[in-house]
Amino acid sequence: MSKKLAIIASKGTLDWAYPPFILGSTAASLGYEVTIFFTFYGLQLLKKDLSHIRVSPLANPAMPMPVPMPVLIQALPGMEAMATMMMKDMIKKKGVASLEELRSLCRELGVRFIACQMTVELFGMDPQTEFIDGLEFGGAATFFEFAGDADITLFI
Amino acid sequence: MNFDRELDARGLNCPMPIVKTKKALSEMSSGQVLKVIATDPGSVKDMEAFAKQTGNVLLEKTQEGNAFVFFIKKA
Numbered sequence: 001m002s003k004k005l006a007i008i009a010s011k012g013t014l015d016w017a018y019p020p021f022i023l024g025s026t027a028a029s030l031g032y033e034v035t036i037f038f039t040f041y042g043l044q045l046l047k048k049d050l051s052h053i054r055v056s057p058l059a060n061p062a063m064p065m066p067v068p069m070p071v072l073i074q075a076l077p078g079m080e081a082m083a084t085m086m087m088k089d090m091i092k093k094k095g096v097a098s099l100e101e102l103r104s105l106c107r108e109l110g111v112r113f114i115a116c117q118m119t120v121e122l123f124g125m126d127p128q129t130e131f132i133d134g135l136e137f138g139g140a141a142t143f144f145e146f147a148g149d150a151d152i153t154l155f156i
Numbered sequence: 001m002n003f004d005r006e007l008d009a010r011g012l013n014c015p016m017p018i019v020k021t022k023k024a025l026s027e028m029s030s031g032q033v034l035k036v037i038a039t040d041p042g043s044v045k046d047m048e049a050f051a052k053q054t055g056n057v058l059l060e061k062t063q064e065g066n067a068f069v070f071f072i073k074k075a
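In order, the protein sequences belong to chains A and B.
Counting from 1, one number per residue, gives the positions in the first sequence under our numbering.
Counting from 1, one number per residue, gives the positions in the second sequence under our numbering.
Rather than coming from a laboratory, the hints here were simulated on the basis of the structure.
Some clues are possibly wrong.
[As the list claims (entries may be wrong)] Under the rule of at most 16 Å between Cα atoms (straight-line distance), these lysine to aspartate or glutamate pairs were calculated in the EDC-like manner:
#  : chain 1 : residue 1 : chain 2 : residue 2
1  : A       : K47       : A       : E80
2  : B       : K20       : A       : E108
3  : B       : K23       : A       : D151
4  : A       : K3        : A       : D151
5  : B       : K52       : B       : E64
6  : B       : K23       : A       : E108
7  : B       : K52       : B       : D4
8  : B       : K20       : A       : D133
9  : A       : K4        : A       : D151
10 : B       : K73       : B       : E48
11 : B       : K74       : B       : E60
12 : A       : K47       : A       : D133
[Claimed, not checked] Derived contacts from chain A toward chain B, CB cut-off under 7 Å, selection only:
#  : residue
13 : S25
14 : S29
15 : G31
16 : K94
17 : V96
18 : L99
Cβ atoms here follow ideal geometry from the backbone N, Cα and C, with glycine treated the same way.
Construct the complete structure from the given sequences, taking the supplied hints into account.
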């Protein structure tokens, strides 16, 4: 019987969008059965268009910057867009796959995506039009149904 | 070494060499050999771990310049 991996994806920034898709696609490649439960800001990763996913330099002192940048400067308009552009550029240059690519690889490899019904409603999202196809909608009990038998469970 | 299929994963970073290897192997039949060329230094350890966990056999790994070459026999 194959091993199982359960992931909760709770974050919607460019940097934190990667781990669920990287680990999910890798585990599926290794023969794991993988389910990712997307909740709160993690729901953003299920949107059809991912171009709005950004990274913020704010409250992130570990983020590499070309020059040392005081926090107040990081808070200025345009800084988030700049940081996002820089990171996307770095991702491309280093041969790291795009989020879209990793996400569709997950689908191809049979990774199951569950969108948290409660947060979809909380944020007033439209389950019919905003998300990619082939999602399941469910709650915490749906997650535990799978995670209860999982060999590995990760909260990201 | 003889091989049945070649996968060029040069320039790709984690986890793409592994995921592409898995995809290529799934289109091959048991006993066939896949040659993978990668430049990701992490792929050296990852390919061993992939073989160990999936039962596919890593027949050989070599380095050619800045590229790593793997021969994997499908289980």
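query: Taking the closest Cβ pair, is S25/A under 7 Å from chain B?
result: With a closest approach of 5 Å, the S25/A hint holds.
message: Just to be careful, I want the Cα atoms of K52/B and E64/B compared with a cutoff of 16 Å; is the pair within it?
response: Violated - the C-alpha atoms of E64/B and K52/B are around 23 Å apart, more than 16 Å.
message: Holds or violated: K23/B and E108/A, Cα atoms, limit 16 Å.
response: holds, 9 Å
query: Under the criterion that the straight-line Cα-Cα distance not exceed 16 Å, is the pair K20/B, D133/A satisfied?
result: Violated, because 23 Å separates the two Cα atoms, which is more than 16 Å.
- request: Could you grab the alpha-carbon distance between K73/B and E48/B and see if it respects the 16 Å cut-off?
  value: Judged against 16 Å, a Cα distance of about 12 Å means the pair holds.
- request: Would you mind confirming whether the straight-line C-alpha gap from K3/A to D151/A stays at or under 16 Å?
  value: holds, 6 Å
message: Holds or violated: K47/A and D133/A, Cα atoms, limit 16 Å.
response: Cα-Cα ~10 Å, so holds.
message: Check the hint pairing K52/B with D4/B against an upper bound of 16 Å on the C-alpha distance.
response: violated, 21 Å
Agreement of K4/A and D151/A with the hint, judged by alpha carbon distance not exceeding 16 Å: holds, 5 Å
- request: Would you settle whether the hint for V96/A is holds or violated, based on the nearest Cβ-Cβ distance to chain B being less than 7 Å?
  value: For V96/A, the interface hint holds, since the closest Cβ of chain B sits about 5 Å away, which is under 7 Å.
query: Given the proposed pairing of K23/B with D151/A, does the C-alpha separation stay at or below 16 Å?
result: violated, 23 Å
- prompt: Would the pair K74/B and E60/B pass a check requiring their Cα atoms to be no farther apart than 16 Å?
  reply: holds, 13 Å
The structure is inconsistent with the numbered hints 1, 3, 5, 7, 8 and 18, although it conforms to all the rest.
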